[in-house]
Amino acid sequence: MNTVNTHREGEMLQVQIHGSFNLHVRNVIENRITKGIKKLEIDLSACDLIDSEGVIFMYQWQRDGQELELKNPPHILFEILDILELREQWDQYYLEPKKQ
Amino acid sequence: MDAQLHISTDEEVISPVCDFTYSWCTNCGLGTKEAKRFTIAVSELISDIILFAYPHDSQAYFDLTFRHTLSDIEIIVSEVGEPFDPDRHRYNPQEARESGKFEGAGFRLIRRFCDEFLFINKGKEGKEFRLSKKIEVHDIDELIELSRSRKPEEPETTAKDETQKISYNINQITPEDAEDIAKLIYRTYEYSYTKEDLYYPKKIEKTLLGKEKLGVITRSEGGEAIGYFAVLKKKDSNIAEVGEAVVSPEFRRRGIMSGMMELLIKTAREQQLDALFGKAVTLHPVSQRVNHKYDFVSTALMLAETSNVVFKGFDEQYPQPVSVVIDFLPLSKRTERDVYLPVNYADILMETYNELEIPVSKGQETDPTMAEKSDVQLVINYSDATSLIIVNKYGPDFRSMLSDMLDSLQKQEDPNAIYLDLPLENSATPEQYNLIESLGFIYCGLAPMFHHESDYLRLQKICAPLDLGLVGIYSDFGNKIKSIIADEYREHT
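Chains as they are written, first to last, in our numbering: chain A, 1 to 100; chain B, 1 to 493.
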């Protein structure tokens with residue numbers, strides 16, 4: 001079954017995805033991002049499938065200067081980033097905030 | 001298991017459809033990693049349809065058809081939304097990185113995660129997207145090892161004296177025979193047999209359990225499998241294709257093949273099949289000769305039908321796709337029917353009916369009834385680079401729809417041949433044939449009872465260069481069909 005659980009902690013929204021990260025899940029998360037949220041922590045431990053909607057959503061979130069923390073991202077996420085030729089930028093966006 | 005889903009353009013359907021797709025893929029034999037990638041491709045496609053195909057409808061519907069064979073899976077997504085051409089929506093990674101424009105990203109993933117991705121424009125009838133993937137079965141590795149370790153000696157050194165009597169018995173096959181059949185195929189052809197499925201015991205077993213296959217096996221007195229012959233039932237008509245035949249080389253010329261064919265025809269009659277047919281290759285006369293020995297009649301010549309024939313011992317390098325003759329054997333008498341024949345082919349079609357002793361009368365219809373919309377089915381054979389278009393009903397848009405489909409196929413698939421089946425029991429066929437004459441189809445022949453127990457005129461559009469001198473036909477009537485086709489082929493090339 002596909003479910004999205006979210007929990008807000010100050011400026012951070014914790015998201016737990018069970019099943020697929022697709023257009024529907026992307027829209028659910030976007031609806032739960034309220035004013036003041038600057039960081040997303042997405043737990044993908046139980047996420048079996050992710051498509052370009054999920055990947056592009058996370059890419060753009062970081063591209064807009066906001067922070068993303070992933071738990072147990074599936075290998076297919078990085079394969080999709082490679083296919084879309086976004087891996088280099090993704091690594092920059094993803095790793096830079098953690099270096100500071 | 002084939003299936004069809006009729007789903008709404010509601011994004012909540014994406015996950016359940018993906019769950020089903022993944023499960024279906026693994027059930028069909030796809031590995032989990034590839035099943036996941038293929039499911040992502042489906043997710044991409046249906047997301048695009050939900051987002052873009054129906055911008056003015058709050059809710060619309062579209063269809064997913066799941067089809068599989070023993071060696072590949074195919075999902076056909078059909079919708080009637082806004083006109084669209086995926087080629088105009090190419091992904092540009094630089095633009096994505098610099099300005100956040102991700103148009104075409106989904107299509108790039110689809111192309112990477114499928115073996116084939118086709119877009120078929122059906123004009124007013126909408127669009128079809130076809131995603132397919134070959135199923136790799138790892139059992140073949142085990143089979144190779146097993147076969148290597150027990151590789152039989154060359155037939156020449158072990159061939160038994162042909163005059164020496166041997167005892168054998170022929171029985172109907174059961175699922176338990178699957179492994180012995182695969183081994184027999186390997187021992188006979190190593191890995192050059194055209195029907196790859198026969199190297200996989202599990203696939204053979206599946207077809208036997210599903211009752212798709214009807215066959216016989218010959219065993220020596222000691223129980224060794226020495227011959228196998230089977231027919232495959234057609235899904236859309238009560239006829240079956242004589243598809244698979246093999247006799248171990250050391251036991252040939254002892255009447256085993258004849259014995260199996262006789263039992264097979266008898267069994268097919270008992271099972272109340274209407275007819276048997278075979279697609280006999282034309283690079284050697286063996287299969288055609290066997291068919292004619294059992295009263296099969298040549299009814300059509302399909303040019304460039306397969307690229308996958310490598311019969312060990314029969315050919316060296318055949319320089320072009322292989323053409324096949326359809327040989328047909330009616331198993332029951334049927335009552336006379338009206339058929340509507342295009343003028344150009346009325347004579348040869350009537351002659352073919354006479355050869356088959358199938359009674360028909362030429363129907364006359366001055367004002368044929370048309371359907372509200374065309375009903376046309378497309379079957380793509382990716383490995384042979386051919387397609388078959390089956391017309392069930394003619395609508396007013398038939399010609400433009402066919403023309404659009406041909407454009408889509410030729411642009412994306414680089415086909416060797418496209419075949420077109422027109423229903424001869426439909427009174428609109430002569431008139432519709434006249435409308436499509438300019439699309440480059442030539443005669444192929446009669447396809448009796450090929451779909452829904454009805455007769456079809458098969459036409460063909462040949463896209464690969466062919467030397468018809470290399471197409472060898474065994475029977476006189478087959479040669480008559482060939483000469484008509486050769487004349488038309490010359491005119492069109």
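Keep in mind that the hints were calculated from the coordinates and are not lab data.
Heads up, some of the hints might be wrong.
As the list claims (entries may be wrong) - Capping the alpha-carbon separation at 27 Å, the derived lysine-lysine pairs in BS3-like fashion look like this:
id, chain 1, residue 1, chain 2, residue 2
1, B, K362, A, K39
2, B, K373, B, K124
3, B, K234, B, K213
4, B, K333, B, K293
5, B, K124, B, K393
6, A, K38, B, K101
7, B, K183, B, K124
8, B, K124, A, K35
9, B, K480, B, K362
10, B, K33, A, K71
What the hints assert, rightly or not - Partial chain A-side listing against chain B, Cβ under 10 Å, derived:
id, residue
11, E41
12, S45
13, Y59
14, Q66
Unchecked claim - Covered, in the sense of this in silico footprint (three residues per stretch, anywhere, with C-beta under 8 Å from a C-beta of chain B), are these stretches of chain A:
id, stretch
15, 2-16
16, 29-39
17, 48-58
For every residue, glycine included, the Cβ atom is placed at its ideal position computed from N, Cα and C.
Here is how each hint holds up against the structure:
1. B:K362 with A:K39: Violated - the C-alpha atoms of A:K39 and B:K362 are around 77 Å apart, more than 27 Å.
2. B:K373 with B:K124: Holds. B:K373 to B:K124 sits at ~9 Å (cutoff 27 Å).
3. B:K234 with B:K213: Within the cut-off at roughly 10 Å; holds.
4. B:K333 with B:K293: holds (20 Å)
5. B:K124 with B:K393: Between B:K124 and B:K393 the Cα gap is close to 15 Å, so the pair holds against 27 Å.
6. A:K38 with B:K101: Status holds; Cα separation ~23 Å.
7. B:K183 with B:K124: Status violated; Cα separation ~50 Å.
8. B:K124 with A:K35: violated (46 Å)
9. B:K480 with B:K362: holds (22 Å)
10. B:K33 with A:K71: OK: B:K33 and A:K71 at ~21 Å, within 27 Å.
11. E41: violated (22 Å)
12. S45: Interface hint status for A:S45: violated (16 Å vs cutoff 10 Å).
13. Y59: holds (9 Å)
14. Q66: violated (14 Å)
15. 2-16: With 1 residues closer than 8 Å to chain B, the stretch 2-16 of chain A misses the three-residue bar; violated.
16. 29-39: The restraint on the stretch 29-39 of chain A is violated, since only 0 of its residues have a Cβ under 8 Å from chain B and three are required.
17. 48-58: As far as the stretch 48-58 of chain A goes, the hint holds, because 7 residues have Cβ atoms under 8 Å from chain B.
The structure does not agree with the numbered hints 1, 7, 8, 11, 12, 14, 15, 16 stated previously, though it agrees with the rest.
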